[in-house]
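Line by line, the protein sequences give chains W and L.
Using the UniProt record's numbering, the letters of the first sequence correspond one by one to residues 1 to 95.
Using the UniProt record's numbering, the letters of the second sequence correspond one by one to residues 1 to 475.
To be clear, the hints were calculated from the coordinates, so they are not data collected in a lab.
Even glycine gets a Cβ: it sits at the ideal position worked out from N, Cα and C.
Hints may be right or wrong, so weigh each one.
Okay, the calculated beta carbon distance ranges per label pair [unchecked claim]:
(1) L:Asp205 / W:Asn85: 36 to 46 Å
(2) L:Asp268 / W:His54: 23 to 33 Å
(3) W:Leu24 / L:Val256: 19 to 29 Å
(4) L:Ala31 / W:His54: 30 to 40 Å
(5) L:Glu134 / W:Leu17: 32 to 42 Å
(6) W:Asn85 / L:Lys18: 34 to 44 Å
(7) L:Ala291 / W:Glu25: 55 to 65 Å
(8) W:Asn85 / L:Asp379: 29 to 39 Å
With a Cα cut of at most 20 Å, we get these calculated PhoX-like pairs of lysine-lysine [what the hints assert, rightly or not]:
(9) L:Lys67 / L:Lys214
(10) W:Lys68 / L:Lys171
(11) W:Lys92 / L:Lys129
(12) L:Lys53 / L:Lys115
(13) L:Lys18 / W:Lys68
Which stretches of chain W does chain L cover? Using the computed rule of at least three CB atoms under 8 Å from a CB of chain L, they are [claimed, not checked]:
(14) 1-7
(15) 34-48
(16) 72-79
Chain by chain, the residues:
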Amino acid sequence: MAITKEEVKHVAHLARLEFSEEELETFSEQLADILNYVAKLNELDTTDIEPTYHALKITNVYREDEVKESFPTDEILGNAPERENGFFVVPKVIK
Amino acid sequence: MDFEAVIGLEVHAQLLTKSKIFCSCSTEFGAAPNSHVCPVCCGMPGTLPVLNKRVVDFAIKLALATKARVNPVSVFARKNYFYPDLPKGYQISQYELPLAEGGYIEIEVNGAKKKVGLVRIHMEEDAGKLIHDETRPVSYVDLNRTGVPLLEIVSEPDMRSPEEAVAYLKKLRSILRYLEICDGNMEEGSLRCDANISVRPKGSDKFGTKVELKNMNSFKHVQKALEYEIKRQIALILDGKEVIQETRLFDVSRGVTQSMRGKEEAHDYRYFPDPDLVPIEIDDNWIKEVAETLPELPDAKKERFIKEYNLPEYDAEIITSSRKLAEFFEACAKALPKPKLISNWIMTEVLRELNKEGKEIDETNLTPENFVELLKLLDEGVISSTVAKKIFPEVYKGANPAKIVEEKGLKQESDEAALEALCQKILEANPKEVEKYRQGKKNVIGFFVGQVMRETKGKANPKIVNKILTRLLEQ
Ligand SMILES: [Zn+2]
Numbered sequence: 001m002a003i004t005k006e007e008v009k010h011v012a013h014l015a016r017l018e019f020s021e022e023e024l025e026t027f028s029e030q031l032a033d034i035l036n037y038v039a040k041l042n043e044l045d046t047t048d049i050e051p052t053y054h055a056l057k058i059t060n061v062y063r064e065d066e067v068k069e070s071f072p073t074d075e076i077l078g079n080a081p082e083r084e085n086g087f088f089v090v091p092k093v094i095k
Numbered sequence: 001m002d003f004e005a006v007i008g009l010e011v012h013a014q015l016l017t018k019s020k021i022f023c024s025c026s027t028e029f030g031a032a033p034n035s036h037v038c039p040v041c042c043g044m045p046g047t048l049p050v051l052n053k054r055v056v057d058f059a060i061k062l063a064l065a066t067k068a069r070v071n072p073v074s075v076f077a078r079k080n081y082f083y084p085d086l087p088k089g090y091q092i093s094q095y096e097l098p099l100a101e102g103g104y105i106e107i108e109v110n111g112a113k114k115k116v117g118l119v120r121i122h123m124e125e126d127a128g129k130l131i132h133d134e135t136r137p138v139s140y141v142d143l144n145r146t147g148v149p150l151l152e153i154v155s156e157p158d159m160r161s162p163e164e165a166v167a168y169l170k171k172l173r174s175i176l177r178y179l180e181i182c183d184g185n186m187e188e189g190s191l192r193c194d195a196n197i198s199v200r201p202k203g204s205d206k207f208g209t210k211v212e213l214k215n216m217n218s219f220k221h222v223q224k225a226l227e228y229e230i231k232r233q234i235a236l237i238l239d240g241k242e243v244i245q246e247t248r249l250f251d252v253s254r255g256v257t258q259s260m261r262g263k264e265e266a267h268d269y270r271y272f273p274d275p276d277l278v279p280i281e282i283d284d285n286w287i288k289e290v291a292e293t294l295p296e297l298p299d300a301k302k303e304r305f306i307k308e309y310n311l312p313e314y315d316a317e318i319i320t321s322s323r324k325l326a327e328f329f330e331a332c333a334k335a336l337p338k339p340k341l342i343s344n345w346i347m348t349e350v351l352r353e354l355n356k357e358g359k360e361i362d363e364t365n366l367t368p369e370n371f372v373e374l375l376k377l378l379d380e381g382v383i384s385s386t387v388a389k390k391i392f393p394e395v396y397k398g399a400n401p402a403k404i405v406e407e408k409g410l411k412q413e414s415d416e417a418a419l420e421a422l423c424q425k426i427l428e429a430n431p432k433e434v435e436k437y438r439q440g441k442k443n444v445i446g447f448f449v450g451q452v453m454r455e456t457k458g459k460a461n462p463k464i465v466n467k468i469l470t471r472l473l474e475q
């Protein structure tokens with residue numbers, strides 16, 4: 001399976017990553033190698049096998065609907081580069 | 001050429017749980033910014049979400065109420081995108097195995113009943129809130145809403161007009177409120193609605209290019225946005241132009257929809273099962289447990305009100321559209337077996353006050369006891385309907401009707417001798433009108449009744465006054 005540079009660019013953009021032409025070249029090859037390696041699994045016959053949605057064989061883990069104390073606002077905002085009146089401040093996003 | 005619209009709705013309903021879907025932070029509305037936030041809901045690395053069981057209970061409730069199939073196994077998935085209101089960089093939602101699929105909601109428009117199919121009902125977490133600064137190029141982020149549980153209800157593209165879409169939305173809201181799982185407040189955003197809409201030549205079975213509409217936060221907006229969009233799309237087609245698949249926002253002030261450029265490419269969400277959350281298995285026992293908590297739903301209640309209380313279909317529809325109002329009606333009907341009188345008064349005086357204040361009946365001081373007492377006073381002829389209507393606003397505010405009548409001396413004058421004397425006096429004072437009556441203008445009697453009512457400040461029993469006046473005039 002071949003991965004085009006365009007596909008790498010698209011995925012990189014979705015992840016907000018920027019690559020040089022050289023890197024794009026390298027990653028196209030590496031991603032193709034990885035996908036081809038995993039594609040080996042397609043050789044297995046999986047008819048009648050339930051898809052696995054979770055690595056652990058457990059289901060139904062819940063908590064009751066109870067309110068506990070949240071964190072102090074100061075601490076929540078602790079890592080924010082900019083804050084004002086209890087809000088995080090970010091560059092303007094257009095709706 | 002005749003066109004028809006094809007409309008599907010995606011509704012998000014905020015659930016009335018106490019705590020968030022994956023952490024124990026409060027869901028309370030209106031708290032100070034970022035005061036209901038913890039490492040789980042603000043997406044700190046190394047934290048683990050744990051599902052709030054009540055969210056599943058609520059979702060099963062809605063599934064049962066809409067006859068949807070509850071999936072025996074359902075899983076959460078990550079929907080990946082970047083936005084400042086989404087601290088983790090993904091929203092925990094459901095994709096491949098939603099909680100429920102199928103089902104329908106029955107609507108009625110202009111007397112025609114119709115079932116609107118449901119594609120799916122799934123659980124997910126809400127995002128935070130962004131406030132945009134008017135003067136500086138910045139936005140403010142409040143994460144209190146992050147992680148508040150939502151149900152997303154996706155309909156089939158079964159609706160053919162804005163009226164059907166609004167009827168569907170109103171019925172869905174009413175069901176959610178009956179189930180007490182969502183307060184349905186569109187202005188505050190606890191019920192949100194997006195629409196997919198396309199048009200096509202009437203009778204065609206192909207779909208046109210669809211447009212997604214957002215930013216409609218009232219029934220009126222939904223109606224207006226869809227109406228505008230149908231006109232816009234038809235005009236494009238008649239002009240030989242193409243409808244572009246895009247997301248458009250409803251501009252409330254101008255009543256138009258506007259293209260929201262640039263978000264198109266973001267529709268690549270790369271869903272995958274969330275490894276932090278284990279699958280949900282729902283067996284028949286669980287479903288049975290929830291089924292036992294289901295209240296009588298609006299459609300069933302409406303049918304019963306028509307049969308049991310002989311209400312006109314229209315009255316039954318309005319009164320049962322709110323569970324609280326329906327319960328108020330029934331409490332009254334038990335105390336005073338005059339359902340039609342009660343419904344007439346609810347449909348007029350009560351609803352007028354409620355609509356004026358935008359309140360539900362249980363948020364007011366009007367009690368079934370006081371309301372029934374007022375209607376009894378009226379029904380037994382102790383007060384006239386003019387007086388009853390006049391004092392209703394006070395009763396609505398919590399005053400006791402018998403006390404008002406007593407204190408203000410509002411009892412209806414039914415003493416025939418006293419009324420006859422008064423009638424006589426009024427006839428003598430208006431000889432011209434009497435002459436008119438005797439020459440055949442029988443409707444002059446209304447004038448005399450009015451005079452008597454004025455003299456008695458509305459307290460005269462109009463039936464008796466009419467009888468006396470007729471007798472005196474025919475002499
Ligand atoms: Zn939290």
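Verification of the hints:
no. : hint                           : in the structure
1   : L:Asp205 / W:Asn85: 36 to 46 Å : violated (55 Å)
2   : L:Asp268 / W:His54: 23 to 33 Å : holds (24 Å)
3   : W:Leu24 / L:Val256: 19 to 29 Å : violated (42 Å)
4   : L:Ala31 / W:His54: 30 to 40 Å  : holds (34 Å)
5   : L:Glu134 / W:Leu17: 32 to 42 Å : holds (33 Å)
6   : W:Asn85 / L:Lys18: 34 to 44 Å  : violated (27 Å)
7   : L:Ala291 / W:Glu25: 55 to 65 Å : holds (60 Å)
8   : W:Asn85 / L:Asp379: 29 to 39 Å : violated (58 Å)
9   : L:Lys67 / L:Lys214             : violated (27 Å)
10  : W:Lys68 / L:Lys171             : violated (35 Å)
11  : W:Lys92 / L:Lys129             : holds (13 Å)
12  : L:Lys53 / L:Lys115             : violated (31 Å)
13  : L:Lys18 / W:Lys68              : holds (10 Å)
14  : 1-7                            : violated (count 0)
15  : 34-48                          : violated (count 0)
16  : 72-79                          : holds (count 3)
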